[in-house]
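Student: If you want the building blocks of each chain, they are given just below.
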Amino acid sequence: MGGYLLRRAGQALIVLFLVTVIVFVLLHLLPGGAAHAILGPRATPAQIATFNHENGYDLPLPVQYLHWLGQLLRGDLGYSYHLNQSVGSLIVSRLGKTIVLNLIALIISVAIAIPIGVTQAVRRNGIFDYAATGIGFVFYSTPSFFLGLLLVLWLSVNTGLFPAEAPQSNSIWEILAQPRAMVLPVLTLVLLQVSLFTRYMRSAVMDNLILDYVRTARAKGADENRVLYRHVLRNSLIPMVTILGLSLPILLGGSLVIEQVFNFPGMGLLFYQEAQVQDYPVLLGITLIVGVATVVGSLAADIGYAILDPRVRYV
Amino acid sequence: MTAAVAVTLAACSGGHSTSTQPQSQTSGKAVNGGTVNVAEAASVTPNWIFPFSPIANFSVANISDLQQLLYRPLYWFGGHNDQPTNDPGLSVARQPTYSTDGKTVTIKIKPWKWSNGEAVNAKDVVFWLNMSKAEAAQWAGTVPGAYPDNIKSYKATSADTVQLTMDKKYSSNWLLYNEFSQITPMPMAWDVTSASAAAGSGGCLTSVSKCPAVWKFLTAQSKDQSTYATSKIWGVVDGPWKLKSYNSDGHYSIVPNTAYSGSPKPKLDQVNFLPFTTDTAEFNVLKSGNQIDLGYVPPQDLPTKPAGSDLPKNNPAGSNYDLAAAYRWSINYFPINFNNPTVGPTFKQLYVRQALEQTLDQPVDVQKALRGYGLVNFGPVPAKPVNKWMSPAAKQGTPYPFDVNKAKQLLTSHGWTETNGVMTCTKPGSGSNQCGPDVKSGAKMEFNLDYASGTPSLDQEMQQYKSDASKAGIVLNVTSKPFDSVTGESVPCTASQKICKWEMGNWGGGWIYAPDYLPTGESLFATGAGSNSGSYSDAKMDKLINTTLTSSDMNAFYAFEDYTAQQLPVIFQANVYDVFATSTKVGGVNYNPLQTLVPEYWYRTK
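Sequences listed follow chains L and B, in order.
Taking our numbering, the leading residue of the first sequence gets 115, the next gets one more, and so forth.
Taking our numbering, the leading residue of the second sequence gets 3, the next gets one more, and so forth.
Bound-form chain L, shown alone:
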């Protein structure tokens, strides 16, 4: 197990390094450049040259990368010249809110998806299975922005049941104190995620139901509920570990589309806003966070899987 962990951690570090290199190069290849985006059409060539010089954008790309990496190793994510703040403080101020929104949605989604998926598998090819599959398919194939806008239209503009805007506070407690304002963004995320999780759950349960150990359990006289909940469910949850691990990037990075639709000032929105003005330090900071989350999430999923299913350790 130790060797496995070390091997996976080493791979994760390499992936992370490559991610930063690729993102750094791609960002700096974007047309226009930060100077024009930040200074606007009124900037003179001299002002643009000064800006580029002050921010080191006139240096060769590898030098710029090494400079950024050096800062990073000192724990400095840089300074946003668009928002006039350190990138670290920006990320800290947004991260909590994004985690809260996505964690609530994730917990609710899993709680709903598991029983639906199990029921579908047990009653496969029945009315409930077809209905759940159909509804799930509709939600899964609906673009998130469209679903969000539909919910705003129905539940906010037309009926006035919930606010169209997510809570705007910086304090997590104040956000949690406005549950009505959280309903629409959470509901949108839940509707999208439940359909995905349900499919995985249904498949996993169905796969397990035909395995030998289930037949053995039944042969030993275990009733169906015991077979289902003590044996099948536990094993079927293993694939969910992978999905949950891979949800970590969204948990930390936010959902760009949902945050836009509901004006939720989280990480996704921050990325969207700063991408428009090519605010490189912020974009790199968020990319790094999401990159780390992706690597850590997939590592955690692998480890969790290895713990739950020892066969994986020897692959």
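Please note: incorrect hints may appear among the correct ones.
With the Cβ distance kept under 10 Å, some of the chain L side facing chain B (calculated, not the full set) [to be verified]:
(1) Gly147
(2) Tyr195
(3) Pro277
(4) Ala278
(5) Val375
(6) Phe378
(7) Gln390
Calculated directly from the structure, the hints in this document are not laboratory data.
Heads up, the beta-carbon is just placed ideally off N, CA and C, and yes, glycines get one too.
Once you've looked at the hints, dock chain B against the given chain L.
Tutor: Showing chain B alone in chain L's frame:
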């Protein structure tokens, strides 16, 4: 920056204003107190409080929506009307007076107080002037050769009077609109190099050489957004409002400055500013409840405008809101690169520019692409709001209305022949019926036109332009690119430079005259001007522009204006206007073309 100026302006009328603009309609009875929520423009939030901004922070959001609410400039433009003019009633200083030779200007400060009890006086103006001398490179309002270079000397001649000596006589209008308008008195509490230092200890008031340290400290303070609302420095205000709270995500609130010396005094208890990521998010919230009192209807949510009205027949914001049309003090155009080594010589021919303008169907663009919410634009002065700068000739309309046949005739009469759908120069030379100097035989009337992506109306306009131009034998290779790419490539250059390959660059936003409010052309069309993107150069134009800077005669201004419309240093295109939504429960609001906010006029009703 221009593209970012979209939509949060709200200015007002009445009181001490010079305007006659009526206040917004509201049926309820005015009450004192209450809160008004204002929607900020999508993705644009104030982030710089120090009213001595570098260009990166020289935005309408910072200046109009934050700084000027707290710190009033010497001469305040906007006001309670729809005119782009100075509002003496809301300004800190009385109108300047001039010596007989016009070189010496005397500015008298009104007996206003800072919120800490100190007088707003001549020292505060000298402090600013010293700072702008010392840190001209850091101040976005600096114009080399003009402000502050053209101020030879200045001094406080009494506690409330400042005297400035200019290097020559200038137009009093130009000085007021483009130079003195940019001066903001700064309190002695800011003349420090640390937060705990005694007011005035920084020494910038008495010695220009000490200003850099003060500037460095104040700039660092302005970068520290977490302290905006609690700062001892920024808490000293002379405007009608002070900051109550500020969040770097764009949420901030202002409350009345009870020590405000001007008039009118604020009637509201508080004004909240709300950030939005997209205009869709803003419109959702506007429609769905009462969270926004002053908002806007995004262009894509406006139904087609009926003829004879500035507003839609049905109100998309709902019955809780009144709509208002707001014209920006801006012009819309796109530059052409006169120095491009290939097509530059062609662009230098006036008849070619005329043909390019005559194949751009602005009325159709207004009606179709802008769905009626726009106006034809053909010169350096915005046609709306109706203003005193419009020349008699300009009032007659565009000199080059859409006419493809005339455009074609212009080209064929100057030695161009249509070959395979493209006009080709077949008679090179400088004669009146030839292609013109430096235009080579075989040169084609084919240009690359890059325009900013992301705006459906601009997409539509450029496709329409391509189609109409082709009918005159002009081939436009239109390509949409990110806004920053277009602004990035559309820069002044010389033919030998690599960056000079661009031919036509349309970022879609043109130019807004703020905070250089006089629509003169020294920034845009003078030879070598920083924002003369196409490197246009014409001796007569330079002379006419210079005259507008030195003569207050309106005829001099009209001469520049008419010559610009006739010469086409850029291709003018249709300009859009905004539609704002004001809660029916809020009064005293109107919308100013300079996008300045005057919430002291606003009130709630019951």
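Student: Taking the hints in turn, state whether each one holds.
Tutor: Hint check:
no. : hint   : verdict
1   : Gly147 : holds, 6 Å
2   : Tyr195 : holds, 6 Å
3   : Pro277 : holds, 6 Å
4   : Ala278 : holds, 4 Å
5   : Val375 : holds, 7 Å
6   : Phe378 : holds, 8 Å
7   : Gln390 : holds, 7 Å
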